[in-house]
Amino acid sequence: MSGTATIRLSDEDRRRLELLVPEYGDQSSVIRHGIRRLAEEQRQRQELRSLLRDWEAESGPVDEDAVAEMQRRYFNR
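Read in order, the letters of the sequence shown are residues 1 to 77 in the numbering used here.
It is worth saying that the hints were derived from the structure and are not from the lab. No false leads were mixed into what you were given.
Quick list of the computed label-pair ranges, beta carbon to beta carbon:
#, residue 1, residue 2, range
1, 57, 25, 40 to 48 angstroms
2, 50, 73, 15 to 23 angstroms
3, 72, 50, 17 to 25 angstroms
4, 11, 70, 30 to 38 angstroms
5, 72, 12, 20 to 28 angstroms
6, 7, 57, 40 to 48 angstroms
Glycine included, every Cβ here is placed at the ideal spot set by N, Cα and C.
The whole structure should be built from the sequences, with the hints applied where relevant.
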């Protein structure tokens, strides 16, 4: 599926986009990269949830504070 999408950006988002263009080539490339990155982050969160469900099933409840710390450490960079 290929096509054109119209997006509305705040002034701050427009500035961010322009800062990224030199590295990624053009605005569309920056946006495509951002979408791929968000999709990958979502996949990682889903895998983490699955891991935690399996862990709880095998070993009992997980320490929620430890999970929150791991999430901050590994996913909020």
